[in-house]
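Residues per chain are reported as follows:
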Amino acid sequence: MMQKSVNQTKITLLSRSVNEGYARVAVAAFAAQFDPTVEELGDIKTAVSEAVTNCIVHAYGNTIGPIYITVDLFEDKRVRIKIRDKGCGIENVAKAMEPLYTTGGAERSGLGFSVMQSFTDSLRVRSTPGKGTTVTMEKVIKTR
Amino acid sequence: MPLQIQSDGQTVTAYLAGEIDHHEAVSMRQAIDAQLMGGDVKLLVMDFTDVTFMDSSGIGLVMGRYRQIRYNEGELHIVNPSPHIYKVMRIAGLERLAVIHKTTPARRELP
Chain A
1 MMQKSVNQTK ITLLSRSVNE GYARVAVAAF AAQFDPTVEE LGDIKTAVSE AVTNCIVHAY
61 GNTIGPIYIT VDLFEDKRVR IKIRDKGCGI ENVAKAMEPL YTTGGAERSG LGFSVMQSFT
121 DSLRVRSTPG KGTTVTMEKV IKTR
Chain B
1001 MPLQIQSDGQ TVTAYLAGEI DHHEAVSMRQ AIDAQLMGGD VKLLVMDFTD VTFMDSSGIG
1061 LVMGRYRQIR YNEGELHIVN PSPHIYKVMR IAGLERLAVI HKTTPARREL P
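These protein sequences, in sequence, are chains A and B. The first sequence runs contiguously to residue 144 in this note's numbering. The second sequence runs contiguously to residue 1111 in this note's numbering.
Calculated directly from the structure, the hints in this document are not laboratory data. Check the hints yourself; a few may be wrong.
[To be verified] Here are the simulated DMTMM-like pairs of lysine to aspartate or glutamate, each with C-alpha atoms no more than 25 angstroms apart in a straight line:
1. B:1042 to A:107
2. B:1102 to B:1073
3. A:131 to A:72
4. B:1102 to B:1050
5. B:1087 to A:75
6. B:1087 to A:91
7. B:1102 to A:39
[What the hints assert, rightly or not] Here are some chain B residues pointing at chain A (derived, C-beta under 10 angstroms):
8. 1022
9. 1060
10. 1084
[As the list claims (entries may be wrong)] Label pairs and their computed distance ranges (CB to CB):
11. B:1002 to A:33: 25 to 33 angstroms
12. B:1008 to A:33: 47 to 55 angstroms
13. A:63 to B:1027: 54 to 62 angstroms
14. B:1027 to A:64: 32 to 40 angstroms
15. B:1033 to A:75: 18 to 26 angstroms
16. B:1072 to A:74: 33 to 41 angstroms
17. B:1009 to A:134: 48 to 56 angstroms
18. B:1102 to A:12: 37 to 45 angstroms
Heads up, the beta-carbon is just placed ideally off N, CA and C, and yes, glycines get one too.
Please model the entire structure based on the sequences and the hints provided.
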């Protein structure tokens, strides 16, 4: 059954690398109403940073395009973060998600998806080559 | 730039600060690599005491510098990563490549 979110924010930003910091802080600030621990906030910031960096480095490459972020909060203290781009898309999502695999050159670790996976409770990647990619992550904030 | 570097020709210490993401990593990389040119540097110390955030771009930064210092047959030491940064580092297994000091080591503890 689809649960309805109790709160939502939508953020649109351009794929400029200077926006990486803004994106992760904005999402973390919105999730803060669930009273997460410092560690949980760090996890959210890191996962968002990875997804947004992928849009900038891979999806749009040398071009500038829009990144759409939707954050939903659910009653069971679940945070769902959807990050969508209209960039080049990924031919082989399974391959792209393999640890250490990168098309980004020697300075990219190839661990972006691994970090998203370990810092959230679920990660889903949908991509259509030529059309874009949507990354959906969920993180449950533990009740203290 | 949020980075200070000390060098005596053999040991380079980079005091990183602020947030390390893809946007910030570029200038940090260039500043550190400028000190590693020439091949005489045998020890690179990356001090994370004042780093407040790091994503996998930081892993790329560390792994790239590790390759450089290994090419010089030297060692990489990482100083004082926060619990969050250590968590990111462990995903990459950086503790197998570098000596990680969880507190600021006394001068004599470094080789």
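Against the structure, the hints come out as follows:
1. B:1042 to A:107: 21 angstroms, holds
2. B:1102 to B:1073: The given pair, whose Cα atoms are some 24 angstroms apart, holds under the 25 angstroms limit.
3. A:131 to A:72: Since the Cα atoms of residue 131 of chain A and residue 72 of chain A sit roughly 24 angstroms apart, the hinted pair holds (cutoff 25 angstroms).
4. B:1102 to B:1050: 13 angstroms, holds
5. B:1087 to A:75: Violated, because 29 angstroms separates the two Cα atoms, which is more than 25 angstroms.
6. B:1087 to A:91: Answer violated: residue 1087 of chain B to residue 91 of chain A is near 30 angstroms, above 25 angstroms.
7. B:1102 to A:39: OK: residue 1102 of chain B and residue 39 of chain A at ~17 angstroms, within 25 angstroms.
8. 1022: This interface hint holds because 5 angstroms falls under the 10 angstroms limit.
9. 1060: 4 angstroms, holds
10. 1084: 4 angstroms, holds
11. B:1002 to A:33: 25 to 33 angstroms: 30 angstroms, holds
12. B:1008 to A:33: 47 to 55 angstroms: Holds: the Cβ-Cβ distance is about 50 angstroms, inside 47 to 55 angstroms.
13. A:63 to B:1027: 54 to 62 angstroms: Given range 54 to 62 angstroms: violated, Cβ gap about 23 angstroms.
14. B:1027 to A:64: 32 to 40 angstroms: 20 angstroms, violated
15. B:1033 to A:75: 18 to 26 angstroms: 50 angstroms, violated
16. B:1072 to A:74: 33 to 41 angstroms: At 52 angstroms between Cβs, range violated.
17. B:1009 to A:134: 48 to 56 angstroms: For residue 1009 of chain B and residue 134 of chain A the Cβ distance comes to about 51 angstroms; the hint holds.
18. B:1102 to A:12: 37 to 45 angstroms: Because 40 angstroms falls inside the window, the suggested range holds.
The structure is inconsistent with the numbered hints 5, 6, 13, 14, 15, 16, although it conforms to all the rest.
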